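2 protein chains.
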Amino acid sequence: MAEGTSPQGGQGLLFLTDEQLRKGIEAMFFAYRGFTADPDRILAEKDYGRAHHRAIHFIHRSPGTTVNNLLSILGVTKQSLNRVLRTLVDDGLVRSEVGRVDKRERHLFLTEAGAALERELSDAQRDRMRAAYRAAGSEAVAGFRKVLEAMMDEDMRRHYETLKDRGR
Amino acid sequence: MAEGTSPQGGQGLLFLTDEQLRKGIEAMFFAYRGFTADPDRILAEKDYGRAHHRAIHFIHRSPGTTVNNLLSILGVTKQSLNRVLRTLVDDGLVRSEVGRVDKRERHLFLTEAGAALERELSDAQRDRMRAAYRAAGSEAVAGFRKVLEAMMDEDMRRHYETLKDRGR
DNA sequence: CTTGGAATGTCAACAAGGCTGACGTATTCT
DNA sequence: AGAATACGTCAGCCTTGTTGACATTCCAAG
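Listed in order, the protein sequences are those of chains A and B.
Note that the numbering used here numbers the first sequence so that position 150 is 137, with each residue one more than the last.
Note that the numbering used here numbers the second sequence so that position 29 is 16, with each residue one more than the last.
Note that these hints are calculated values from the structure, not bench results.
Because the structure is a prediction, the values reported are computed rather than measured.
Fair warning: there could be bad hints in the mix.
Copies of the same chain look alike in the list, so a pair counts if it works inside one copy or between any two.
Under the rule of at most 20 Å between Cα atoms (straight-line distance), these lysine to any residue pairs were calculated in the SDA-like manner [what the hints assert, rightly or not]:
no. : residue 1 : residue 2
1   : K10       : R20
2   : K65       : L8
3   : K10       : G21
4   : K10       : K151
5   : K10       : D110
6   : K10       : A38
7   : K33       : E13
8   : K151      : L58
9   : K65       : R20
10  : K10       : R144
11  : K151      : T4
12  : K10       : A102
13  : K90       : D114
14  : K10       : N55
15  : K65       : R113
16  : K10       : H47
Could you build the full structure based on these sequences and the hints that come with them?
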């Protein structure tokens, strides 16, 4: 009775109207805007963009990651990533270290300044996420994650799970 | 007891670690990629982009909407929207009608061709949404929507609710 | 030891889709 | 009559994505 979508709550077939699906689509659209709004404001002040944020985020999450790995996580071309990475290295936010075992690879790390910016950005983003979680309640949070995970492409889910494991 | 995040399930304070919040952030990032992947493929074939998709989507949802209204939903400048809208009108996907009560306004409608493309795009997007919903279960769906709604900016939530009401 | 292929970096050119600023025109409101 | 509104448009700029071509460096296989 606390449901809204179907009486058989949980598993099994759902009765999904186009309307319900459209609402989900629009919720994704509007929510993603909110999701990026706070970091975007901070980035604009510092003349960086979302691309820089993404690079910084995943370097922070996987210190020492290679360029190729980052490439496949972000899903852009190396030229595109390189442009962003170069400015971050030049500005002293990211350190690129030649691999010791395979010297062709570059391992990426945040410098102190990079870590500081990362903190500033993710604080802002986490604040909103936390507020949304609190407003929605813990049951909602579990469902939120479940649906998002089911929405990912296979490759992306692989990356997502890998990052997940690191934290455990 | 079926919870994972907190013992007081539902309302009240949640114990949210940075790790949990980060996972949510990454889930949003990866899921949004999946969310746009299918329409993007269709659009690429037809030399359109996401901007066209968004315009088409919201014109479909609110037939006869004005340019100004669309502008505030999409959150872009009129120059940006106009570029997109012009190609859609030129290509015969959108019809722009001078307002009868206020002749300064233009009311936007999808033509048959426009409606056909809208269907193709939203079919693809709904298929993924439906699959995700089914995989996650109906309880998850309710939570998903709840968190997303809480994540929106005020203005966006207003638009979201307005679209919501139309369907009822 | 040479050679093929992988990983990386870099140059150039281009496109989509944001943005600002300025201006014109029709229409409506005060 | 004059101000404000709705819309369109021109011009120019930025970010971030794309392709294509090419150099370098290194690993590994023959």
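Do the hints match the structure? See the list:
no., hint, result
1, K10 x R20, "both (15 Å within a copy, 18 Å between copies)"
2, K65 x L8, "neither (36 Å within a copy, 29 Å between copies)"
3, K10 x G21, "both (16 Å within a copy, 17 Å between copies)"
4, K10 x K151, "between (29 Å within a copy, 7 Å between copies)"
5, K10 x D110, "between (29 Å within a copy, 14 Å between copies)"
6, K10 x A38, "between (28 Å within a copy, 19 Å between copies)"
7, K33 x E13, "neither (31 Å within a copy, 23 Å between copies)"
8, K151 x L58, "within (18 Å within a copy, 38 Å between copies)"
9, K65 x R20, "between (26 Å within a copy, 18 Å between copies)"
10, K10 x R144, "between (24 Å within a copy, 12 Å between copies)"
11, K151 x T4, "between (33 Å within a copy, 14 Å between copies)"
12, K10 x A102, "between (38 Å within a copy, 18 Å between copies)"
13, K90 x D114, "neither (40 Å within a copy, 45 Å between copies)"
14, K10 x N55, "neither (37 Å within a copy, 22 Å between copies)"
15, K65 x R113, "neither (29 Å within a copy, 32 Å between copies)"
16, K10 x H47, "between (34 Å within a copy, 13 Å between copies)"
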